[in-house]
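Using the sequences and the hints given, assemble the complete structure.
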Amino acid sequence: MNARRSDAWRRYRRNRAALVALGVLGLMAAACFVTLGWSAPRMRQQDLPAARQPPSRAYPFGADELGRSLLWRTLYGGSISLSLGLLVAVIAVGFGTAYGLMAGYRGGRCDAVMMRIVDVLYALPYMLLVMLFTVSVGAWLEQWRPGGSQAEQRLLIGTEWSRFIVLALAIGGVSWLTVARVVRGQVLSLREQPFIEAARALGIPTGRILVRHILPNLVGQIAVFGTLTVPQAILQESFLSFLGVGVQPPQATWGSLAADGIRLLNPIQFDWWLVVFPCVALAVTLLSLNFVGDGLRDAFETRSAAS
Amino acid sequence: MHCSRAVTQGIIRGMLRFVLRRLLTFPLVLLLMYGGAVLLVTATPGEGLEGEKELSPEVLAAKRKLYNYDQPWVVRYFWTWPKRLVWDQDLPAHQYEDWTVVEIMRAALPVSLQLGVLALALAIMLGLAVGVLSAVRRGHWLEHLSVGFCLIGISLPTFVTGSVLLMVVAIWLRAVPVGGWGRPAQAILPALTLALPYAAYIARLTRAALLDVYAEDYIRTARAKGLSEARVLFDHALRNALLPVLSYLGPAAAAIFTGSFVVEKVFTVPGMGTHVVESINNRDQSLILATVMVYGVFLASFNLIVDVLYGVVDPRIRVGARAT
Chain A
7 MNARRSDAWR RYRRNRAALV ALGVLGLMAA ACFVTLGWSA PRMRQQDLPA ARQPPSRAYP
67 FGADELGRSL LWRTLYGGSI SLSLGLLVAV IAVGFGTAYG LMAGYRGGRC DAVMMRIVDV
127 LYALPYMLLV MLFTVSVGAW LEQWRPGGSQ AEQRLLIGTE WSRFIVLALA IGGVSWLTVA
187 RVVRGQVLSL REQPFIEAAR ALGIPTGRIL VRHILPNLVG QIAVFGTLTV PQAILQESFL
247 SFLGVGVQPP QATWGSLAAD GIRLLNPIQF DWWLVVFPCV ALAVTLLSLN FVGDGLRDAF
307 ETRSAAS
Chain B
2 MHCSRAVTQG IIRGMLRFVL RRLLTFPLVL LLMYGGAVLL VTATPGEGLE GEKELSPEVL
62 AAKRKLYNYD QPWVVRYFWT WPKRLVWDQD LPAHQYEDWT VVEIMRAALP VSLQLGVLAL
122 ALAIMLGLAV GVLSAVRRGH WLEHLSVGFC LIGISLPTFV TGSVLLMVVA IWLRAVPVGG
182 WGRPAQAILP ALTLALPYAA YIARLTRAAL LDVYAEDYIR TARAKGLSEA RVLFDHALRN
242 ALLPVLSYLG PAAAAIFTGS FVVEKVFTVP GMGTHVVESI NNRDQSLILA TVMVYGVFLA
302 SFNLIVDVLY GVVDPRIRVG ARAT
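Chains as they are written, first to last, in this note's numbering: chain A, 7 to 313; chain B, 2 to 325.
It is possible that part of the hints are untrue.
Claimed, not checked - Distance ranges between label pairs, derived from CB positions:
#1 Arg197/A x Arg240/B: 31 to 37 Å
#2 Ala108/B x Glu71/A: 31 to 37 Å
#3 Ala108/B x Arg22/A: 51 to 57 Å
#4 Thr275/B x Gly114/A: 46 to 52 Å
It should be emphasised that the hints constitute simulated quantities derived from the structure, not laboratory data.
Where a beta carbon is used, it is the ideal one built from N, C-alpha and C, also for glycine.
So, in structure tokens, the structure goes:
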């Protein structure tokens with residue numbers, strides 16, 4: 007098993023584009039997360055005289071319409087975007103894998119019913135449902151908020167994060183379908199292989215067979231899908247931000263910063279830096295993630311072709 | 002001769018069974034979607050009746066009665082909503098609106114559909130062209146150009162590419178109108194923006210599939226027979242390379258049609274987008290339900306068509322469907 011995985015790593019290393027992408031991604035993530043201690047307070051600091059200032063020594067990325075430094079906002083937004091993407095990937099991969107394992111291993115009628123459900127969910131208009139879900143949960147939370155200044159204060163901070171979690175749940179809730187389908191397909195073929203039959207004959211309980219014998223064979227596929235889910239989620243969030251149902255200000259993501267910049271963009275006052283910096287960070291990260299995902303796929307695929 | 006007819010009949014019967022099974026899941030999808038949407042909408046606090054001002058209980062009660070919100074959920078589920086969504090000609094969609102739900106949908110849906118169809122066609126044509134070019138002309142500058150095109154397509158949100166296009170083409174170059182809908186020139190930029198990410202993905206799919214197919218033995222055979230490169234490509238390679246593209250069309254169409262909200266907002270296209278966003282923000286129950294259902298019916302039918310098409314192109318799908 008270990009040898010196999012290091013094989014994959016060796017193949018991955020040979021792919022230069024994927025290796026560079028991994029490096030860029032690591033740098034970007036490190037820059038965003040390491041500076042979080044500085045960026046979190048500074049991204050909210052307003053300096054109205056400096057509003058819409060172009061890039062300068064004091065504001066390397068320029069300032070937004072409230073005079074907040076775009077450098078800190080971009081770094082902070084990156085950490086939120088990346089965590090959101092990661093959380094969505096974990097939700098999608100976790101649920102999708104469990105669902106696919108169950109459907110594929112049980113087989114028969116159970117499998118048929120479970121996969122019909124996936125078919126049905128595939129036909130839903132996601133964007134709409136994610137928006138509806140986000141707004142609905144937001145409304146519930148608002149209504150549920152108790153009185154009292156202390157508690158209210160805490161919950162106000164809480165609602166920022168609750169929107170983040172709701173977004174992750176909503177986007178994750180529509181991204182698990184593909185994972186479930188792929189995992190189920192793999193399990194269907196693995197199930198018939200001699201080593202699983204041997205495990206069953208030895209009387210190993212089903213849960214243990216799934217976790218110890220089937221799951222390790224799916225690691226490659228799961229890693230690929232997990233990696234490719236992250237950019238999708240970040241993009242989805244940027245669309246929601248643009249439509250006004252993304253993260254709640256003063257929180258920010260690359261998507262919401264870009265959306266804010268686009269909103270302020272007009273031919274008379276052309277504040278290019280408000281769009282360019284968040285977009286470059288976003289594009290570089292999304293590209294790297296896609297390259298890493300493709301690299302992982304190539305690295306793991308040789309195995310499935312050989313077996 | 003006789004034997005082949007029996008085989009054909011068997012294939013046709015398998016095909017019919019496959020289509021029938023697909024058709025049976027269709028109402029199920031719609032029912033589930035309707036139930037889920039109603040559940041989400043009614044469970045959300047706020048019925049879209051409250052305005053800026055505080056309403057007296059009597060007025061609120063009268064409004065709720067007018068919109069049938071005072072009825073038990075069974076009545077609302079089976080009578081109120083279906084009526085509002087399908088044939089109600091009297092009651093406006095909400096209190097600040099003169100139009101009924103049906104009228105709004107009738108005005109907005111064709112616009113969004115036109116935009117979606119245009120974008121889908123553009124995505125397929127662009128994607129196939131770029132994919133084939135980059136697979137056939139390896140190492141050529143065209144390959145680099147198409148790779149760059151794909152990178153932009155997958156890495157920038159459509160509202161950014163759209164706004165940049167708007168800025169450059171419409172405002173600086175004054176080549177097309179800035180926004181609106183109705184003239185062909187106004188459709189170019191929105192359709193292009195909407196198509197870009199999907200064109201990029203289709204190009205990647207086509208390129209990968211073509212490169213795979215070119216490594217196959219039958220392509221070598223075709224070349225050995227002395228066929229021209231064009232005939233090898235169009236008669237042998239492309240036909241097989243198209244399968245993954247075809248199976249991507251269903252999800253792509255779904256994403257294009259529901260993703261058009263963003264593009265509509267950038268280019269102020271009077272389609273479903275504004276209604277979707279506004280109705281959700283205002284908790285405007287009947288319009289939310291209408292938009293969800295309109296898109297649901299549309300997507301479900303599209304998936305059905307794609308599945309059937311796929312079954313026609315690839316016989317293995319039908320056999321697999323029969324075996325399970």
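Going through the hints against the structure:
Between Arg197/A and Arg240/B the C-beta distance comes to about 34 Å, which sits within the given range of 31 to 37 Å. Checking the proposed 31 to 37 Å range against Ala108/B and Glu71/A shows it holds: the Cβ atoms sit about 35 Å from each other. Checked against the given bound of 51 to 57 Å, the beta carbons of Ala108/B and Arg22/A, roughly 53 Å apart, stay inside it. Distance hint check: the CB atoms of Thr275/B and Gly114/A are about 47 Å apart, consistent with the given range 46 to 52 Å.
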